[in-house]
Amino acid sequence: MSASSAGPILELRDVSLSFKGVKALNALSFAVARGEICALIGPNGAGKSSLLNIINGVYRADEGEVVFDGAPFRRIRPLEAARRGIGRTFQHNALFKRLSVIDNVLAGLTRHSRTTLVEHAFGLPRDLAESRALRARAEDIIEHLELTPHRGTVVSTLPYGVQKRVDLARALVGRPSLLLLDEPMAGMNQDEKRQMSRFVTEANAVLGATVVLIEHDIGVVMDLSHHVVVLDYGRKVGDGTPRQVRNDPDVIAAYLGTVH
Amino acid sequence: MAFLIETLIGGLLSGVMYALVAIGFVLIYKASGVFNFAQGAMVLCAALTFVTLRDQGLAFWFAALVTLAIMVVLAIAVERVVLRPLMNQSQITLFMATLGLSFVIEGMSQLVMGASVHELDLGIVDTPVEVGPILVSQFDLVAAAAAGILVLALSVFFNVTRIGISLRAIADDPQAALSIGIRLQRLWRIVWGVAGFVALVAGLLWGSRQGVQFSLTFVVLKALPVLIIGGFTSIAGAIVGGLIVGAADALAEIYVGPLLGGSVSTWFVYVLAVAFLLIRPAGLFGERAIERV
Numbered sequence: 001m002s003a004s005s006a007g008p009i010l011e012l013r014d015v016s017l018s019f020k021g022v023k024a025l026n027a028l029s030f031a032v033a034r035g036e037i038c039a040l041i042g043p044n045g046a047g048k049s050s051l052l053n054i055i056n057g058v059y060r061a062d063e064g065e066v067v068f069d070g071a072p073f074r075r076i077r078p079l080e081a082a083r084r085g086i087g088r089t090f091q092h093n094a095l096f097k098r099l100s101v102i103d104n105v106l107a108g109l110t111r112h113s114r115t116t117l118v119e120h121a122f123g124l125p126r127d128l129a130e131s132r133a134l135r136a137r138a139e140d141i142i143e144h145l146e147l148t149p150h151r152g153t154v155v156s157t158l159p160y161g162v163q164k165r166v167d168l169a170r171a172l173v174g175r176p177s178l179l180l181l182d183e184p185m186a187g188m189n190q191d192e193k194r195q196m197s198r199f200v201t202e203a204n205a206v207l208g209a210t211v212v213l214i215e216h217d218i219g220v221v222m223d224l225s226h227h228v229v230v231l232d233y234g235r236k237v238g239d240g241t242p243r244q245v246r247n248d249p250d251v252i253a254a255y256l257g258t259v260h
Numbered sequence: 001m002a003f004l005i006e007t008l009i010g011g012l013l014s015g016v017m018y019a020l021v022a023i024g025f026v027l028i029y030k031a032s033g034v035f036n037f038a039q040g041a042m043v044l045c046a047a048l049t050f051v052t053l054r055d056q057g058l059a060f061w062f063a064a065l066v067t068l069a070i071m072v073v074l075a076i077a078v079e080r081v082v083l084r085p086l087m088n089q090s091q092i093t094l095f096m097a098t099l100g101l102s103f104v105i106e107g108m109s110q111l112v113m114g115a116s117v118h119e120l121d122l123g124i125v126d127t128p129v130e131v132g133p134i135l136v137s138q139f140d141l142v143a144a145a146a147a148g149i150l151v152l153a154l155s156v157f158f159n160v161t162r163i164g165i166s167l168r169a170i171a172d173d174p175q176a177a178l179s180i181g182i183r184l185q186r187l188w189r190i191v192w193g194v195a196g197f198v199a200l201v202a203g204l205l206w207g208s209r210q211g212v213q214f215s216l217t218f219v220v221l222k223a224l225p226v227l228i229i230g231g232f233t234s235i236a237g238a239i240v241g242g243l244i245v246g247a248a249d250a251l252a253e254i255y256v257g258p259l260l261g262g263s264v265s266t267w268f269v270y271v272l273a274v275a276f277l278l279i280r281p282a283g284l285f286g287e288r289a290i291e292r293v
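Residue numbers (the UniProt record's numbering), protein chains in the order written: chain Y, 1 to 260; chain W, 1 to 293.
Please note: incorrect hints may appear among the correct ones.
Said to hold, decoys possible - The calculated label-pair distances, taken between Cβ atoms and stated as ranges, are:
{"no.": "1", "chain 1": "Y", "residue 1": "198", "chain 2": "W", "residue 2": "84", "range": "39 to 45 Å"}
{"no.": "2", "chain 1": "Y", "residue 1": "75", "chain 2": "W", "residue 2": "65", "range": "37 to 43 Å"}
{"no.": "3", "chain 1": "W", "residue 1": "185", "chain 2": "Y", "residue 2": "159", "range": "30 to 36 Å"}
{"no.": "4", "chain 1": "W", "residue 1": "128", "chain 2": "Y", "residue 2": "122", "range": "34 to 40 Å"}
{"no.": "5", "chain 1": "Y", "residue 1": "218", "chain 2": "W", "residue 2": "100", "range": "53 to 59 Å"}
{"no.": "6", "chain 1": "W", "residue 1": "103", "chain 2": "Y", "residue 2": "75", "range": "32 to 38 Å"}
{"no.": "7", "chain 1": "Y", "residue 1": "118", "chain 2": "W", "residue 2": "86", "range": "46 to 52 Å"}
{"no.": "8", "chain 1": "Y", "residue 1": "45", "chain 2": "W", "residue 2": "66", "range": "55 to 61 Å"}
{"no.": "9", "chain 1": "W", "residue 1": "211", "chain 2": "Y", "residue 2": "122", "range": "17 to 23 Å"}
{"no.": "10", "chain 1": "W", "residue 1": "123", "chain 2": "Y", "residue 2": "125", "range": "48 to 54 Å"}
{"no.": "11", "chain 1": "Y", "residue 1": "33", "chain 2": "W", "residue 2": "84", "range": "35 to 41 Å"}
{"no.": "12", "chain 1": "Y", "residue 1": "44", "chain 2": "W", "residue 2": "112", "range": "55 to 61 Å"}
Just so you know, the hints here were simulated from the structure itself, not pulled from any lab data.
Ideal Cβ placement from N, Cα and C applies to all residues, glycine included.
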């Protein structure tokens, strides 16, 4: 392990972002400890998705910096983020819709390929061995996320809930050290949410990924996460364990509503 | 009857030559959604480089290899100078960029290598062979075989390898592709390099048929109806489209031309293409766009 492994895996320092004068994020700071599941909650428009987009480089912060694995940056490119081990899923499944489930998952392994174009084009031994290894990893994840029956199905024909799982599989197969999940349970029924919660817990506990997730279902969030950060209008209004946040008067006022 | 079949076969074989040009378009369109107008200029550039090297006394294979290397360098330069700065721009912007690129490549090629007409001899004997009562051009047969091998190789490369998966992935969702670590820019370089290779093959065959000269760049116009009929996104479509265009062109010239009292060869296939546009706008093999209304 590197020397940086002692500190938090992710730290945001006074990050601000605005769109044409509208502040989406306002001097936001918090840290995510290595190995935890951290939930971002807040009303729509609070800046949660913008925040994920800054962490993996889709957006550039106007001010402040993000520290990932001890390395600070103002802007990281999405490709660079992926190569450093930041995986993510998208709010509106940005899957490769015309590809099968297995091909989507295989695409998630691209950055792990070490063979050259020439080796690959001519199917030289080293490349064949690598292809077998990568395929085995993809099959493992598919089995683990109970996607085996849909293995060869073109993604666009699958139900929404299953697509969400494919999105998770595509992100997980790359073995990210930090996994960003943008509303992984949106549009799911209770059973599907329970199942997805289990997969997220396993990704965290078994595969060792630190998870930052956005979720609206407070019940799910409180059960699943170790750490909750509450956003409202681009500002942080709460930060702590689920229990602390639930009882924080500011959070209640801003988001959770009055306790009856 | 024999004459009809002969005309048909001749047409189909020259259709393969059209398909060869169309494949270059399909490759780039699939990877980046750009209609690369510069494909014709690339054909000219490849053919001109090849004959110039041959005139300098280089051996056939060596000249072909050097030309290929130059086409790959061109691909890398195009990615760096044109595509990367214009990333996330609209398709029409990219199309205009390739239009400009086409003039730059044409101009530079002729500036460096001269604008005179070169003869290109591939050493293929062009005496017709007799198959029963039918005469078939030997040159056309070789061209068709070359195109066939090329298509097979490309299909394997893009469908069996992981590069194919990455390619289809970026066509579907470039942003997501970047976020999971697919190297978009490397893929563009590969695809433009392969398109350069296809341009080389097309340039050699077309060049040896009509001489290497500026007009080679107009093979683009021959590829257009092929793409409309076959679809912009399918290599198989380019082949089938090429065959349809070749056959229709040849048959129309013989059987429709006299009725109208003149040559129909230059425009008949465009009429056909427009008819296809009305019936199947995405082409025979193209992916139909499904849009939410």
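For each hint, the structure was consulted:
1. Taking the beta carbon of each, residue 198 of chain Y and residue 84 of chain W are about 42 Å apart, inside 39 to 45 Å as hinted.
2. The hinted window of 37 to 43 Å between residue 75 of chain Y and residue 65 of chain W holds, with their beta carbons roughly 41 Å apart.
3. Between residue 185 of chain W and residue 159 of chain Y, the C-beta spacing of about 35 Å keeps the proposed range 30 to 36 Å intact.
4. In this structure the supplied range 34 to 40 Å holds for residue 128 of chain W paired with residue 122 of chain Y, their Cβ-Cβ distance being about 38 Å.
5. A hinted range of 53 to 59 Å for the beta carbons of residue 218 of chain Y and residue 100 of chain W is consistent with their spacing of about 55 Å.
6. For residue 103 of chain W paired with residue 75 of chain Y, a C-beta distance near 36 Å keeps the hint of 32 to 38 Å intact.
7. Taken as a hint, the range 46 to 52 Å is violated for the pair residue 118 of chain Y and residue 86 of chain W, whose Cβ atoms sit roughly 29 Å apart.
8. Separation of residue 45 of chain Y from residue 66 of chain W is about 59 Å and conforms to the stated range, judged on CB atoms against 55 to 61 Å.
9. A hinted range of 17 to 23 Å for the beta carbons of residue 211 of chain W and residue 122 of chain Y is inconsistent with their spacing of about 35 Å.
10. Separated by about 37 Å at the C-beta atoms, residue 123 of chain W and residue 125 of chain Y break the suggested range of 48 to 54 Å.
11. In this structure the supplied range 35 to 41 Å holds for residue 33 of chain Y paired with residue 84 of chain W, their Cβ-Cβ distance being about 38 Å.
12. The supplied range of 55 to 61 Å is met by residue 44 of chain Y and residue 112 of chain W, whose beta-carbon atoms lie about 59 Å from each other.
The structure fails to meet hints 7, 9 and 10 from the earlier list, while all remaining hints are met.
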